[in-house]
Amino acid sequence: MAEPLQMAGSKIKVNRIGLQKTDYRGNLTTLCQGCGHNSISNQIIAACYEANILPEDVVKFSGIGCSSKSPSYFLSRSFGFNSLHGRMPSVATGALFGNKYLHGIGVSGDGDTTNIGMGQFKHVIRRNVPLVYIIENNGVYGLTKGQFSATAEVGLNLKYQGVNSYMPIDIPKEALIAGASFIARSFAGDPKQVKELLKAALSHRGIAILDIISPCVTFNNSDEAYHSYAWGREHEVAIHDLSYVPPSEEITVDYAEGEFKEVTLHDGSKILLKKLEREYDPTSRVDAMRVLEESDNSESLLTGLIYIDPDRPDLIEQHNLVDEPLNRLNESDLRPAADTIDMINNLMF
Amino acid sequence: MAEPLQMAGSKIKVNRIGLQKTDYRGNLTTLCQGCGHNSISNQIIAACYEANILPEDVVKFSGIGCSSKSPSYFLSRSFGFNSLHGRMPSVATGALFGNKYLHGIGVSGDGDTTNIGMGQFKHVIRRNVPLVYIIENNGVYGLTKGQFSATAEVGLNLKYQGVNSYMPIDIPKEALIAGASFIARSFAGDPKQVKELLKAALSHRGIAILDIISPCVTFNNSDEAYHSYAWGREHEVAIHDLSYVPPSEEITVDYAEGEFKEVTLHDGSKILLKKLEREYDPTSRVDAMRVLEESDNSESLLTGLIYIDPDRPDLIEQHNLVDEPLNRLNESDLRPAADTIDMINNLMF
Amino acid sequence: MSEKIVNDFSITIGTVNGSGSQTANNTILRSLFKMGIPVSGKNIFPSNIQGLSTWYTIRVNKDGFTARRDAHEIVICMNSNSFSQDLANVLPGGAFFYTDSIKLDITRDDIEVYRLPVKDIMREQKDVPKQLKDLVANMVYVGVLAQSIGIDLEQIRTALDYHFKGKQKPIDLNFKVIEKSVEWAKGNLEKTDPYFVKPMNKNDGLIMTDGNTAAAIGSIYGGVQFMGWYPITPGSSLAEGIIEYLPILRKREDGKHTYAVIQAEDELAAIGMAIGAGFSGLRAMTATSGPGLSLMTEFAGLAYYAEVPVVIWDVQRVGPSTGLPTRTSQGDLTFTHYIGHGDTEQIILLPGNANECFEFGWRAFDIAENLQSPVFVLSDLDLGMNQWMAKPFEYPNEPMDRGKVLWEEDLEKLNGDWGRYRDVDNDGIPYRTVPGNKHPASAYFLRGTGHDENGNLTEDSATWTRMLDRIKKKYYKAVEFIPAPIIEKKKGAKIGIIAMGSTELAVREARHQLETEANIKSDSMRIRGIPFAEDVPKFIESHEQNYVFEMNRDGQLYQLLLGEYPHLADHLISEAFNDGLPATAQWILDSILIKEKI
Amino acid sequence: MSEKIVNDFSITIGTVNGSGSQTANNTILRSLFKMGIPVSGKNIFPSNIQGLSTWYTIRVNKDGFTARRDAHEIVICMNSNSFSQDLANVLPGGAFFYTDSIKLDITRDDIEVYRLPVKDIMREQKDVPKQLKDLVANMVYVGVLAQSIGIDLEQIRTALDYHFKGKQKPIDLNFKVIEKSVEWAKGNLEKTDPYFVKPMNKNDGLIMTDGNTAAAIGSIYGGVQFMGWYPITPGSSLAEGIIEYLPILRKREDGKHTYAVIQAEDELAAIGMAIGAGFSGLRAMTATSGPGLSLMTEFAGLAYYAEVPVVIWDVQRVGPSTGLPTRTSQGDLTFTHYIGHGDTEQIILLPGNANECFEFGWRAFDIAENLQSPVFVLSDLDLGMNQWMAKPFEYPNEPMDRGKVLWEEDLEKLNGDWGRYRDVDNDGIPYRTVPGNKHPASAYFLRGTGHDENGNLTEDSATWTRMLDRIKKKYYKAVEFIPAPIIEKKKGAKIGIIAMGSTELAVREARHQLETEANIKSDSMRIRGIPFAEDVPKFIESHEQNYVFEMNRDGQLYQLLLGEYPHLADHLISEAFNDGLPATAQWILDSILIKEKI
Ligand SMILES: Cc1ncc(C[n+]2csc(CCOP(=O)(O)OP(=O)(O)O)c2C)c(N)n1
Ligand SMILES: Cc1ncc(C[n+]2csc(CCOP(=O)(O)OP(=O)(O)O)c2C)c(N)n1
Ligand code: SF4
Ligand code: SF4
Ligand SMILES: [Mg+2]
Ligand SMILES: [Mg+2]
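As given, the protein sequences belong to chains A, B, C and D, one line each in that order. Start counting the first sequence at 427; every next residue gets the next number (the numbering used here). Start counting the second sequence at 427; every next residue gets the next number (the numbering used here). Start counting the third sequence at 55; every next residue gets the next number (the numbering used here). Start counting the fourth sequence at 55; every next residue gets the next number (the numbering used here).
Please note that the accuracy of each hint is not assured.
Here are the simulated BS3-like cross-link-like pairs (lysine-lysine), alpha carbons at most 25 Å apart as the crow flies [as the list claims (entries may be wrong)]:
#, chain 1, residue 1, chain 2, residue 2
1, C, Lys526, B, Lys585
2, C, Lys467, C, Lys545
3, B, Lys585, C, Lys157
4, B, Lys571, C, Lys219
5, D, Lys649, C, Lys526
6, B, Lys585, C, Lys544
7, B, Lys439, D, Lys649
8, D, Lys219, D, Lys234
9, D, Lys649, D, Lys545
10, D, Lys310, A, Lys585
11, C, Lys245, C, Lys116
12, A, Lys571, D, Lys219
13, C, Lys187, C, Lys223
14, A, Lys585, D, Lys548
15, D, Lys173, D, Lys187
16, C, Lys180, C, Lys245
17, D, Lys543, D, Lys467
Keep in mind the hints are simulated off the structure, nothing from the lab.
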C-alpha cells in the first residue's frame with residue numbers, strides 16, 4: 427500500500443508529494459543504542475512519508491524526558507516545541523489553534539504523562555484536541571536514571587529503587603474512561619503495527635492516544651519486566667491485523683466477507699482490521715473495556731486499535747474558526763474597526 | 427443501629443465514648459442556605475458521633491472552594507488543614523504519617539478534584555492512602571461564581587457560561603480505573619445513605635472515594651441539571667440498601683438468606699447490603715464497571731457502595747512504621763547515636 | 055441643621071452579600087455620575103457567596119478627589135450583623151439610615167438617624183415575585199437616600215435602564231419601589247443632616263467602567279486571538295469580559311471566529327495553552343491573580359528563555375497564599391519581576407486607571423510580540439473590579455505591530471538563511487517564524503533547554519552566556535516600549551512622591567492637601583512599567599526626598615528602584631502599607647507629615 | 055623534559071557518557087586523594103544518558119587550591135567526537151593521551167602525545183564478559199596515567215575496593231587491566247612531559263564526599279522523618295542519598311521505621327506532602343532543582359503564611375527554564391527569596407562546602423521548627439554532585455530543637471487557653487500543636503487564608519496587617535539562627551570579596567594570587583544565609599570596595615545586599631558570571647585586576 431512513486435528519470439524513491447524519505451529525517455539521535463524510542467521515531471518518519479504528509483504541515487510537541495527529546499530525531503522540517511515536564515498537552519492545545527490545517531504529533535513518556543502530566547493528559551482528551559499523542563512507555567524515568575514511573579508494574583524490582591508496590595496506571599484504560607476518541611496500544615518491537623497505527627492516527631480527527639511500549643534498554647529491560655523487549659516479544663497479542671488505506675486509494679486486500687472490519691475516518695481514509703483470534707469491535711466502549719480487563723488477567727501485551735469514534739467533532743472544529751489560518755490574519759481581521767469605539771463607550775454608560 | 431447510650435442520671439444523649447452530638451459540631455456555616463455541602467457536613471457530624479470516633483482522632487483536609495470550606499463547619503475539636511486548590515491529597519498524604527492512628531477526612535469539590543486536582547486525585551488513589559476522600563460534586567465552581575467544572579454534563583446550560591461541550595469526568599469510574607479500594611456514589615438529598623457510607627468509609631483501610639452529588643443552589647440547581655436536587659430526587663437509583671455494623675455489634679437486621687450481602691472490613695465492622703432491584707457484587711471490578719456504564723446509558727443517578735476491596739494494605743501500613751506515632755518520637759529515636767559518626771565517615775573513604 | 059455640605063462626602067452601605075444590593079448600589083453610583091458629580095464606588099466584599107457582611111462605599115467630591123476615605127458621612131445599614139460597626143462608623147454629625155427590620159438600639163446621639171420603612175413599603179408591593187422580594191427591597195434605601203440628598207429621579211431611571219439593559223419589567227418593578235420610598239421620605243423624613251448633592255457638569259464626556267472590563271476591551275482592540283484562563287477572583291472578570299465582548303466586537307458576517315477562549319483545567323494549563331498559541335503566532339494571553347500566578351512560574355521562565363510572546367494579566371489581591379482573596383494589593387511586584395528560577399527579569403506594565411487598563415490591553419501585545427517576551431500587566435482588585443470614572447476609550451493610535459516575523463517570501467529573499475535566535479539587528483531581538491510557514495527552512499525547534507543562534511540544542515558554555523546576555527539586551531531595549539511615567543510637577547516642590555497603579559487618585563488628593571493644609575509642595579511620578587523608563591532616575595535625582603508609596607508590606611517598588619539605582623538610595627524613602635483596602639490620601643498625607651515636620 | 059612539575063596540575067579526561075568512565079575517573083581521584091595530595095574532581099556531563107561527550111577534570115594542588123581551572127596540563131581523550139577540542143585544550147607543553155581507536159591526526163607539536171594501547175590490551179582480556187568490555191577498557195588510561203605520573207598502585211587498589219564495595223570479582227577484573235597497562239607503559243611509554251605526583255600528608259583525617267551525600271546524611275542526623283521528592287538532576291542524588299543511608303543510620307531492632315520517603319507524582323505533590331508532614335509535627339523535607347522549585351511556588355507561599363516548618367533543598371543548576379540541567383549555577387537566589395505571590399521573604403541557607411551541607415542538613419530542621427517557617431537550602435550541582443575533600447562529618451553539637459510545640463500536659467497547664475498564632479513571647483514566634491494531641495483544646499484549623507491569633511478565618515484589615523507584620527518580626531528574629539558569615543582577614547587589606555556557596559575555593563585561591571602576583575591584599579566574607587547576619591553590613595562598611603562574586607547573570611546576591619543596605623550601595627561592586635562551569639580563581643583575579651589597576 428502507499429507504494430511511493432518513482433519520479434521520471436530518477437532512481438530516487440519519492441512519495442506522492444515528491445519527497446524522499448530523507449526529507450522526513452531529523453537530527454541524529456542521542457538516545458541510547460537500542461532504545462525503543464528510536465524505533466518509534468523511525469516509524470513516525472516512515473508513516474509521514476508513506477502518508478504523503480508535507481513536513482511543513484506537521485507541528486511536533488513534547489514534554490521532558492528521553493522520549494520527549496525524540497521529536498528532534500524526526501521531521502527536521504517541521505516546527506517543534508519541546509515544552510515542560512508533563513505540560514505538552516496544554517502547549518499543543520494552544521499551538522494548534524495557530525493554523526487549523528496542521529497535524530499535531532505529540533511525544534511524551536510514561537512519567538511525563540502519567541506522573542506529573544496526569545491532569546493535562548486527562549483534559550486534553552476531554553477536549554478532543556486533534557493531536558496524535560504518543561506515549562513512549564517504558565515504566566521508568568529514563569532521563570533521570572531509572573526511577574519508577576506510574577506505569578511500573580507491581581513487583582517490578584529495579585537496581586536502585588527496590589520493589590514497586592503501587593498500582594500501575596493503565597494508559598488505554600485511563601484514556602477510555604476520559605472519553606478518548608482514538609486509543610491504541612502497540613509495541614516498539616512491532617514496527618509495522620506502530621507505523622499503520624500512526625498513519626491511522628494522523629487521519630483521525632480528534633485526540634489519538636497511542637500507548638507504545640518502548641523498552642528502556644538501560645534501566646528497565648530485564649526479561650521479566652513488563653516493558654522489556656523480551657517480555658513484549660513473548661507476550662504480544664495483537665487484537666487484529668491492522669492496515670491503513672489512504673483516502674483516495676481502493677482497498678486492494680483480499681479478505682473474505684466477515685473476516686475483517688472496516689472503519690472509515692473523517693478524511694475518507696479507512697482502517698482495515700483483519701480478525702485474528704477474537705471477535706472485536708473497536709467502536710464499542712464496552713468491548714474495549716472488556717478486552718483491556720481481560721488482558722490484565724491473562725498477562726498478555728494486548729496491542730492494536732482498541733477504540734475509535736471517528737465522528738466526534740474535535741476541539742478546533744467546535745470553535746468554528748475562519749477558513750484562513752488564525753496566524754495569517756492581519757490587523758483588519760483582528761482589530762475592530764474605528765467606528766466601534768463609540769458604540770463601546772456608549773455601552774460603558 | 428449504633429443507638430447512642432444514655433448517661434446515668436442525665437437526659438443528654440451521649441455516644442459510647444461519652445460525647446454528645448454537639449461535641450462534633452463546627453463553626454456556623456457561611457455557605458448558601460440549602461447548599462448540598464451543608465447537608466453533607468451534618469452527616470459527617472452524625473456519622474462520627476454514631477461511630478464513636480473521638481474528634482481528636484480525626485484530621486480534616488480540604489482544598490479550595492465552597493466545599494473545601496466546609497471542614498470548618500464540622501468537628502471543631504479536630505485538627506484541620508485547608509490547603510491549596512487541588513492539592514488536598516498530597517497534604518493529607520504527608521500529614522497522615524504524623525500519627526498513624528488518626529482518621530483522615532478530606533473534603534474536596536468537583537473542580538478541586540477533577541480539574542486542577544486530577545493528578546493528585548489519581549495518585550492518592552494509587553498509593554491507597556488511608557483517607558476518606560469526599561467530593562462534594564455540584565458540576566460547577568461555586569466559590570468563583572458558577573463556571574463549569576469538569577463534571578458538568580454535556581449540554582448543561584449555565585447563565586453566564588453558555589453550553590458545555592466537553593466530556594464530563596465520571597468520578598467513580600476514574601477511581602475504579604486508578605485502583606481505588608473503596609468507591610461510593612451518593613446524593614446530598616439522601617442523608618441516610620450518605621451517613622452509612624461515611625461510617626463504612628471511616629472503617630475502611632485505604633482510600634475511600636465518596637462522590638456525593640451536592641447541589642449548588644445558587645449556580646446549578648435548575649430541574650434538568652444532573653447535579654440538581656430535583657434531578658437527583660427523581661433519578662436516584664440505589665444499588666442496594668446499605669447499613670453499617672460497628673466492630674463489636676451483632677447484626678440485628680433480619681434479612682432472609684440470599685437477600686443481602688455482607689462485607690467485613692479490616693477493623694471487624696461489617697457492611698450489610700440489602701439487595702434491591704439488581705444482583706450486585708461490590709467486590710467485583712467488572713460488576714462495578716458494568717453498572718457504572720449502564721447507569722450512564724439509563725440516565726439514572728446510581729448510588730451506593732460501588733466497589734470495595736477491604737484487604738489491600740494501605741500506604742502507611744506498607745511503610746511499616748514504629749508503634750508510637752511518628753510525631754511523638756524524640757531525639758533518641760530520630761538522631762543516630764554519636765558512635766555512628768565514625769562509621770559514616772569511614773564509608774566516605 | 056448646620057450649613058449645607060454639597061457634593062463632598064462619602065456614603066457607605068452595609069448589606070449582606072448575596073442579597074442583591076449590588077443593583078441598588080450601582081444605581082446610586084450611576085445616577086450620581088449622570089448628575090455630573092465626580093464619584094467613585096468601592097465594594098468591600100467577603101470571599102463567600104451568600105450571607106456575610108459586605109460594604110459599598112460611594113464617594114462624591116466636587117473637586118474630583120474620589121479615592122477611598124476612611125470617614126463615612128452617610129451610612130446605610132441593611133444588615134443586623136454589621137449594625138454596631140456601621141453605627142460606630144458614622145462621622146459625628148453624619149447621617150445613619152437603617153432598615154426597620156433591625157431591632158437594635160441606637161447608642162449615639164451625635165448623629166442624625168433615620169429608619170427605613172422597608173417592611174411597610176415592601177408589604178404593599180404585591181406584584182413583586184416572592185424570590186425577588188429581598189432584592190427589590192434594597193430599592194427602598196435608594197429612594198429614601200435619593201430624596202434625602204437630592205438625587206435626580208430621572209437619572210435613577212436611566213441607571214436602572216442601563217442595569218437591566220432596557221428590560222421594562224424589572225426596571226418598572228424596581229423603579230416603583232424607589233418612587234414609593236421617595237414619596238414616603240417626602241412625607242415622613244425630616245432632613246436634619248447637612249449632606250446634599252447638586253448637579254454639576256464635571257463628567258461631561260466621561261464614561262464609567264471597571265478596570266477588568268476596560269482591559270478586556272482593550273485586549274480585543276489589541277487583536278487578542280487566544281486566551282487560556284482559569285477562574286479566580288479578581289482575575290476572572292477580565293476573562294469573562296473578553297468572553298462577553300469578543301462576539302460583539304469581532305462579529306463577522308460568516309459567523310466564524312477569529313479567536314478562541316478556553317477555560318483550562320488550571321493555571322498551569324492556562325498559561326501553557328497561551329504560550330503554545332504565542333509560539334504559533336497568535337496574540338495570546340491569560341489573566342489570573344496571585345495563586346494562579348504562582349502556578350504559572352515554570353511556564354513564565356520557559357517563555358522568558360525561549361522568547362515566546364504572551365501577555366499575562368495579574369489582577370492583584372492580598373497575598374501571600376490564599377490571603378484575602380477579595381481585597382486589593384500591590385504585593386506581587388517583586389515576585390513577578392523575578393518569576394521563574396534562574397536569572398529572569400520580566401517586563402511589567404502597571405496601569406493606574408481604567409483608561410490605562412484599556413490602553414495596556416492592546417499595547418501589551420505589541421510589546422510582547424516586538425520583544426518576543428512575556429509581558430506581565432499588574433492591575434489590582436480595586437482597579438479591576440470597582441467602577442471608575444474614565445475618559446472614553448481611545449481607539450489605538452498606532453497600528454498593530456507584530457514584531458519580527460518571517461513568512462515564506464521573507465525566507466525566500468534570505469535564501470532560507472536565518473536562525474531563530476540570531477541577533478541580526480544588534481538590538482537583542484531575533485527574527486521568528488511560526489508554524490504553518492511552508493518554506494522548507496522555516497521550521498525550528500523551540501525549547502527551554504540551552505540552544506544556539508539557530509535554535510539547536512547545545513550545552514556549550516560560551517553559547518549559553520551569549521544567549522542569556524542577548525536576552526538581557528532585549529530587556530534594556532524594552533525601556534523604549536514601556537510607557538513613560540506620569541510626572542506632575544509643582545513649582546517650588548521639594549519632595550517627590552513616587553507611586554504606581556491604582557493609588558493615583560489618593561496621591562493626587564494628598565498632594566493637594568499637603569499644599570493647602572501644610573504648605574508642602576510636591577512633585578509626583580507614577581511609574582507605569584518595568585524596566586524603568588529614562589525619566590525615572592531623573593525624577594528621583596531631582597528631589598532630595600522621594601517617598602515611594604505602595605500597597606504592600608515590604609516596599610517592593612522601592613526595592614526594585616534601589617536595585618536599579620543604588621547610587622540614588624539616599625533619595626528614596628519607602629512607605630509601604632497594605633491592609634487590603636484601597637489607599638487613602640490620609641495615609642499618604644500622614645506618612646509625609648510625620649517625616650517632614652519633626 | 056623541562057623541570058618536573060609535582061602535585062600542581064589538572065587532568066581532563068574526555069569520554070563518551072554511558073561508557074562507564076566514571077569508575078575509572080573516580081579511581082584516579084580517590085587514589086590521588088589517598089596519596090595525601092589535595093585534589094578535586096569535576097564531572098562536566100551532558101543531559102542525556104549515553105553517547106555524548108563528557109569530561110572529567112581532576113586538579114591536584116599541593117597548596118590545597120583545588121577549584122576548577124580552565125587550563126589542562128594533561129588531557130586524556132577516549133572520544134573521537136571530542137578529539138579536536140580535547141587536543142586544542144592541552145596547555146602548550148602539556149601531555150595528551152588518546153585511545154588507539156581514534157584515527158585522527160595530531161595537529162600540534164607543542165605538546166607531548168601518547169597513544170593508549172586500548173585495543174591491544176583489551177584483546178588479551180579473554181575473561182572480561184563482553185558487555186563489560188567497554189567499561190573495563192577505561193582502566194587502560196588509569197594504568198597508563200598511573201605509571202606516567204606516578205600514582206601509587208596500592209592506592210588504586212584501595213580505590214577500586216571502595217568503589218566495588220569489596221566485591222573481589224570486579225576489583226580483580228579491573229585491576230588486572232590496570233596492571234597490564236602499567237606494564238605496557240613501563241616498557242613502551244617514554245615520558246617526555248614534566249607532570250608528576252608525589253605522596254604528601256595533606257589529607258590526613260580528611261574524607262571525600264559529594265555535597266548531596268553530605269546533605270542527605272546531615273538530614274538524617276537532623277532526624278528527618280518525612281521526605282517527599284520527585285526526581286530531577288541535580289537534586290535527585292540528595293533524595294537518593296537519604297534513601298540509601300536511612301536504613302543504615304536509623305536501623306532498629308524491631309525492623310520498623312521511624313521515617314517515610316515517598317517519590318511523589320511531581321514537585322507540587324512532593325512539597326505538599328512535606329508540608330502536610332510538617333504540619334503534623336514531623337521533620338519534613340524535600341529536595342529539588344530549578345524547574346521543581348518553580349513548581350513549588352504556591353506551596354512555598356502557603357507554608358510561609360500558615361507558618362509550617364519544612365526544609366527545601368534546591369540543588370541549583372543553570373536556569374532559566376530547563377536551561378543546562380547538568381551544569382552548575384547560583385541563579386535561584388532572588389527567586390527563592392521572593393518565592394510565592396504577595397509579600398514573602400524566605401529564609402535561605404547557603405552551604406559552601408560538603409561539611410556545611412552536612413551541618414545545614416541537620417540545622418535546617420532546627421531553624422524551620424524554631425521559626426515555624428520554610429527554610430530553603432541552596433546548594434548547587436558542583437557542590438552537590440562532585441567529589442570534595444572534607445573534614446570528617448561532626449556529630450551535631452547541639453541537641454535537637456523542636457521549637458514551641460504544646461502537648462497535652464502543656465495545654466493542661468494553660469487550661470487550654472492558647473491560640474495558634476498568638477505572639478506570646480513577643481518574638482514573633484507563636485506556639486503550635488500537632489494532630490494526635492488529645493487535649494480537646496489542642497486543635498486548630500490551618501489555612502492560607504487570612505486568620506487571627508487563634509487561627510480563625512477573618513478578613514479584618516487590621517488583623518491581616520498585624521499577622522503579616524508578626525511574620526516579618528520572625529524574619530528578623532531569624533538572624534539569630536542564620537550561620538554567621540565566614541570572614542577571612544588579611545592585615546592591610548583594602549578590598550573586600552563577598553561570595554557565597556561553592557565559590558569558596560576559587561575565592562581563596564584568587565586572594566592568594568592577588569597578594570602574591572599583584573600585591574593586593576583582600577578580606578573575604580562568605581555569606582551563609584539570608585536574612586543576613588549582623589556581621590555582613592559591618593564587613594561591607596569596613597571596605598571601600600567590596601566585590602560581590604556570584605555565579606549568575608544578574609548579580610542576585612548583590613541585589614539582595616543593596617535591598618538590605620541601601621546606604622552601603624557605594625561600597626558594593628557586582629561581579630556576576632555564569633556559564634555553567636564551576637567558578638575559577640582566574641575569573642575572580644581578572645575581574646578585580648581590571649578594576650583595581652586602571
Ligand atoms: C518539573 C520537572 N521535574 C523534574 C524534571 C526531571 N525529569 C526530566 S525527565 C524526567 C522523567 C522522564 O520520564 P519519562 O517521561 O518516562 O521519559 P523517559 O525518559 O523514560 O523516556 C524527569 C523527572 C524536569 N525536567 N522537570
Ligand atoms: C490556584 C487557584 N486557582 C484558582 C482559585 C480560585 N478558586 C477558588 S474555588 C475554585 C473552584 C471551586 O470549585 P469546586 O472545587 O467545584 O468547589 P465548589 O465551590 O463548587 O464547592 C476556584 C477556581 C484558587 N483559589 N486557587
Ligand atoms: S535511558 Fe532508557 S529511555 Fe533513555 S535513551 Fe537510554 S534506553 Fe532510552
Ligand atoms: S455558591 Fe453553590 S456551592 Fe457555594 S455555598 Fe452557595 S450553593 Fe453552595
Ligand atoms: Mg519513561
Ligand atoms: Mg463544585
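### Query
Regarding the pair Lys245/C and Lys116/C, is the alpha-carbon distance no greater than 25 Å?
holds, 22 Å
### Query
Taking 25 Å as the top limit, are the C-alpha atoms of Lys173/D and Lys187/D close enough?
Satisfied, since the Cα-Cα distance of roughly 10 Å is no more than 25 Å.
### Task
For the pair supplied as a hint, Lys219/D and Lys234/D, confirm whether the alpha-carbon distance does not exceed 25 Å.
holds, 23 Å
### Task
Verify the proposed pairing of Lys180/C with Lys245/C, using a straight-line Cα cut of 25 Å.
violated, 30 Å
#### Entry: Pair hint outcome, Lys585/B versus Lys544/C [Cα-Cα no greater than 25 Å]
Answer violated: Lys585/B to Lys544/C is near 51 Å, above 25 Å.
### Query
Going straight from one Cα to the other, do Lys571/B and Lys219/C come out at no more than 25 Å?
Roughly 21 Å between the alpha carbons, so the hint for Lys571/B and Lys219/C holds.
### Message
What's the verdict on Lys585/A and Lys548/D, does the C-alpha distance respect the 25 Å limit or exceed it?
### Response
Distance ~55 Å between Lys585/A and Lys548/D Cα, so the pair is violated.
### Query
Holds or violated: Lys526/C with Lys585/B, Cα cutoff 25 Å?
violated, 47 Å
### Message
Would the hint linking Lys649/D and Lys526/C be met if the CA-CA limit is 25 Å?
### Response
holds, 23 Å
### Task
Compare the distance between the alpha carbons of Lys543/D and Lys467/D with 25 Å, and conclude whether the hinted pair is satisfied.
violated, 52 Å
### Query
Given the proposed pairing of Lys467/C with Lys545/C, does the C-alpha separation stay at or below 25 Å?
violated, 57 Å
### Query
Does the alpha-carbon distance linking Lys571/A and Lys219/D stay inside the 25 Å limit?
holds, 21 Å
Checked against the numbered hints listed earlier, the structure breaks hints 1, 2, 3, 6, 7, 14, 16 and 17; every other hint is satisfied.
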